[in-house]
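Top line first, the protein sequences correspond to chains A and B. For my numbering, add 177 to where a residue sits in the first sequence, where the first one is 1. For my numbering, add 67 to where a residue sits in the second sequence, where the first one is 1.
Treat the hints loosely; a few may be bogus.
Here are the simulated lysine-lysine pairs, PhoX-like style, with alpha carbons at most 20 Å apart [claimed, not checked]:
id : chain 1 : residue 1 : chain 2 : residue 2
1  : B       : K357      : B       : K562
2  : A       : K360      : B       : K201
3  : A       : K360      : A       : K308
4  : A       : K309      : B       : K102
5  : B       : K104      : A       : K473
6  : B       : K144      : A       : K308
7  : A       : K409      : A       : K388
8  : B       : K357      : B       : K201
9  : B       : K303      : A       : K409
10 : B       : K381      : A       : K225
11 : A       : K225      : A       : K309
12 : B       : K201      : B       : K491
13 : A       : K473      : B       : K107
14 : B       : K562      : A       : K312
15 : B       : K252      : B       : K374
16 : B       : K215      : B       : K227
17 : B       : K102      : A       : K473
18 : B       : K357      : B       : K342
19 : A       : K388      : A       : K309
20 : A       : K361      : B       : K102
21 : B       : K201      : B       : K381
22 : B       : K556      : B       : K159
23 : B       : K562      : B       : K491
The set of hints was computed from the structure by calculation and includes no laboratory data.
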Amino acid sequence: MVKVDKRKLYHLDWYLIINGLALFAIGIMNLVSATSSFYSGSYNFIIKQLIALAIGIVIISIIINFDYRAIAANAKLFYFLSLVSIVLVLVWGMAAGGARRWISIFGISFQPSEFIKPVMVFMLAYLLHEKKRDKILLGLKDILIPLAWVVVPVVFIVFQPDLGTGVIIFLVFLAMIWFVGLKKSTYATLLSAGIVLPLIAWQYVLRPYQKQRIYTFLNIDSDPLGVGYHTKQAIIAVGSGKFFGKGYLQGTQHKLQFIPEHHTDFIYTVFAEEWGFFGSILFFLLFITFINRCMKISQQAYDELGSIIAFGLGSIIFFQFAINVLMNIHLAPVVGIPLPFISYGGSSLISVLISVGLLLNINMRRYMF
Amino acid sequence: MKKKKDNHSTNDMFYAEPRGTEYEKVMKEKTVPDKYKWCKWVLIMTMIVLSIRLWHLQIMQGNEMRQQSEMNRIRIKKVLAPRGIMFDRMGKILADTRPSFNLYITPEDIKDFNQTVDGLSGLMGIDREEIIEKLKAASNFPSSFPVKIKDDVTMDELAKVEANRVYLPGVSIQIEPKRNYPYGKVLAHTLGYVSEISSEELKEEKYRTYSPGDYIGKYGLERMYEDYLRGIDGEKRVEVDAMGREVRTLEMKDPIPGSNMYLNINLDVQMVVEKALEGKRGGCIALEPKTGAVIALASRPAFDPNKFASGITKKDWQAIALDSTHPLQNRVIQGRYPPGSTFKILTALKALEDGLINANTSYGCRGGFPFGNRIFKCWKKGGHGTVNVHRGIVESCDVFFYNIGLRLGVDRIHSFGTSVGLGKPSGIDLPSEARGLLPSTEWKRKTQGVPWYEGETVSVAIGQGAVWLTPVQLVQLSSFVANEGITFKPQIVSKIIGPDGKTQKIFEPVVTADIKMKKQVFTIVKEGMQGVVNERSGTAYGSRIENVHMSGKTGTAQTTPVKGRDLGDHAWFIAYAPSEDPAVAISVLIEYGGHGSSEAAPVAKAISESLLTVKPEIKEAMVRGQGR
């Protein structure tokens, strides 16, 4: 184990840490309100979330000891470990609401598909970086192999079914190949695939309930008692917050149980109802600055590998944030994607903290001593 | 800088090939920087899109949305599914549901707490404290959750509340199905009762589909077949006004009623049993030996299950729970008693089967049996003289059975008894059946660590000592003789029919013991049991029935004094009738009743009479197997 150089610790990105902690603090405060109407009260939710934070911090302090290049060199090992855990979920995972997403070890259940996200970024960064060794722009041939590495876990995840995580991983993949640079002809090919593949997915991959959500997205009133009803209630919750919100713990929409999953996927509605437009804008700015900081770390990274990794990790946060909020305000169809730092869920929080640890890692090593 | 980096690569085995070369710096500058500009633009665009949408929702539509959320008084209300109905074998209703008016308070709709609570307290005569206590107990639930204040309000009370509704915001009355047992205490232990689910139960995984205030089967068949009886609650989405009154129903998902259960119980016979046991403590079960179908099952003292169904008061509950006579105990399946002389049937069967004795083997009885340093007495002081197995059973001679019991040994009695079904649950479809106890040398070594004494075998042979059996186990012994070696699992329910009229489950007879034995053995024992009732010297001659032959065996089981007080003997009678072609097997126990012949046998007589003579159509139906 490499002893961490004091100079490296000095280069911990405190800006990223404080921004992240601010988001987490808002998340906890909001979770208290979101879970206050549950029979069991907020207490258990908050404790679990704080335990996840503690675990995440321990993991961060371990991660920053290893040079990110060493981690990337072993990306395949982590990749296969994650893949095995995802296959295990399909075999003996715990079902909840028709989906098998959780696995339980010693009574602690976790969601492997959350953890594969940062692993996937490392894997892709490693592969793309290899390809890029002596080229300026990548061709179609160069991205086929990375694509194969992406498709295998995504297929397993989509069949859990956890469409949300599958979508995130795929979007991160697209962002990363864009980031390393593609030939013009390759962009053209991808664009045409982008038209054909969704049609195939519609026909063969999507489950009826997933299709229903897309129909519902297009016409809320077609489903006045199911997802459409809930979406409508989510909009009412957000809209009723007006400029300054109803005040902390005063949201009625979630307390009256009008909104499902209001402590996980729809947690933003709780915040928007209670803090209004004013609070929401500040809330978004915290996310935007956080993601911007990720990009800055990417830009300042010592080498290209670090840049690619930091960009990939930042884009995970970005896509989760954007899609989650968009579906909360009815600008995207409903898929299960947690809001980083804010949604209830240990696996999700720890996964985000792993990304934070890796970003700190890259930032620490931007000057090579 | 270069130097340091080289240092790194040699130190660290994990290290990827060093890439921080000048070449790479150049590459980075060439390709990547323009991407960051794009990233910034994407972030700015995201912020703009989100802000515009929020502006639209929260500022432009804000007032309208706020109003909608405030007017959003659409409530999702549960529509309780009526529980399945229970019928007896003739189609008479034993348990059904009736509408009841229940009073609720929805805390969120209360405008002025004191006005509502005081007003209600004054109108209904409910203690103010009691109302507040109930509301407090539900303080963990959302304030839109209606809290039940009183079950079953009367028509007068209902009229008062309705007339004063305007002054009582938050108060509502719901019509809900309530369990009803038209015959009250009759069959109480069999049917069981329903009661509100407890907060402890709610925490259990198996009850996760229940919510507070739900009723759940807690005892007897209600508990055993909860999943069938419960049905599926419906849901309605209703709009309520500021007073919490339902304005209109927007959407209704009808509840699916629970499945109906048809029991093997014959209510007419059950009534006879209940009457015969009135004022006594004990239990009685009657079943068809050829199928195991339970015709009647009663335990005394009993309780009124209706009390539980309409929300039992603390006082009533304590009265039942603390009653020293244990009215909640089903003595037929949970009461463990020494079987006394009824057990001699088992001893006789095994001794004959193993060839230790035959019909003519005789022992002399002078009123006692010296063994070791004590004398085991016969109940008849002067003794029976020379006794063979027939007289042994008919006159219940203890000395005869001391002799053959000793020759058999306890382990043979144990293994045979176990295979007949004694000392283990009969499998009757009621929860919490007791095992009872049939001792063996191994049992004693294991539990008490001391060897078995032969003297104990002497007691066991006549059903005393460490033998503890339940009435349902002894009715199986009676069936075993009646069927000549076969017993069936006692079954109370014959079939379950879904609300759609489709049969969900039919309970076919299940064989629990099938032992091949010599025909002669049963002939001898059956003649003995017939003699008990029909021979002048028989111990149950007083309970003989005209026109029908009943066979049986009395038992008078000695008890150990409780707190130094001798409470008397338990009275037993096991029987089957008619002797020639048994249609019913019976077991009767009267706790501290005294003699089996005088106390228990008349109950069996009443049952047999009602079944076989008084109501010939019942017999007809039973023989043809109708009603199943």
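Comparing the hints with the structure gives:
A hinted pair counts as satisfied when its Cα atoms are at most 20 Å apart, and K357 of chain B with K562 of chain B qualifies at roughly 17 Å. Distance restraint check for K360 of chain A and K201 of chain B: the Cα-Cα separation of roughly 72 Å exceeds the 20 Å cut-off, and the hinted pair is therefore not satisfied. For the proposed pair K360 of chain A and K308 of chain A, the alpha carbon gap of about 13 Å is at most 20 Å, so the pair holds. With a CA separation close to 16 Å, the supplied pair K309 of chain A and K102 of chain B stays within the 20 Å bound.
This hinted pair checks out: K104 of chain B and K473 of chain A have alpha carbons roughly 11 Å apart, not beyond 20 Å. For the hint linking K144 of chain B to K308 of chain A, the alpha-carbon distance of about 61 Å lies beyond 20 Å, and the restraint is violated. Between K409 of chain A and K388 of chain A the alpha-carbon distance is near 18 Å, which keeps this suggested pair within the 20 Å criterion. Of the supplied pair hints, the one linking K357 of chain B and K201 of chain B is violated, its CA atoms being roughly 52 Å apart against a limit of 20 Å.
For the hint linking K303 of chain B to K409 of chain A, the alpha-carbon distance of about 19 Å falls within 20 Å, and the restraint holds. Taking the CA atoms of K381 of chain B and K225 of chain A, the gap is near 38 Å; set against the 20 Å cutoff, the hint is violated. Between K225 of chain A and K309 of chain A the CA atoms are separated by roughly 43 Å; this puts the pair beyond 20 Å, and the hint is violated. Simply put, K201 of chain B and K491 of chain B have alpha-carbon atoms about 44 Å apart, too far for the 20 Å limit, and the pair is violated.
Only pairs whose Cα atoms come within 20 Å are accepted, and K473 of chain A paired with K107 of chain B is accepted, the gap being roughly 10 Å. The suggested pairing of K562 of chain B with K312 of chain A is violated, with an alpha-carbon distance near 78 Å, which exceeds 20 Å. Taken as a hint, the K252 of chain B and K374 of chain B pair is honoured in the structure, with Cα atoms around 10 Å apart against an allowance of 20 Å. With a CA separation close to 18 Å, the supplied pair K215 of chain B and K227 of chain B stays within the 20 Å bound.
Proposed proximity of K102 of chain B and K473 of chain A is supported: the alpha carbons are some 12 Å apart, at most 20 Å. Under the criterion of a C-alpha separation no larger than 20 Å, the hint pairing K357 of chain B with K342 of chain B is inconsistent with the structure, at around 26 Å. A threshold of 20 Å between alpha carbons decides the hint, and for K388 of chain A with K309 of chain A the separation of about 38 Å lies outside it, so the pair is violated. The straight-line distance between the Cα atoms of K361 of chain A and K102 of chain B is roughly 15 Å, inside the 20 Å bound, and the hint therefore holds.
Among the hinted pairs, K201 of chain B with K381 of chain B is consistent with the structure: their alpha-carbon atoms are about 13 Å apart, no more than 20 Å. Among the hinted pairs, K556 of chain B with K159 of chain B is inconsistent with the structure: their alpha-carbon atoms are about 24 Å apart, more than 20 Å. Distance restraint check for K562 of chain B and K491 of chain B: the Cα-Cα separation of roughly 25 Å exceeds the 20 Å cut-off, and the hinted pair is therefore not satisfied.
The structure fails hints 2, 6, 8, 10, 11, 12, 14, 18, 19, 22 and 23 (numbered hints given earlier, in ascending order).
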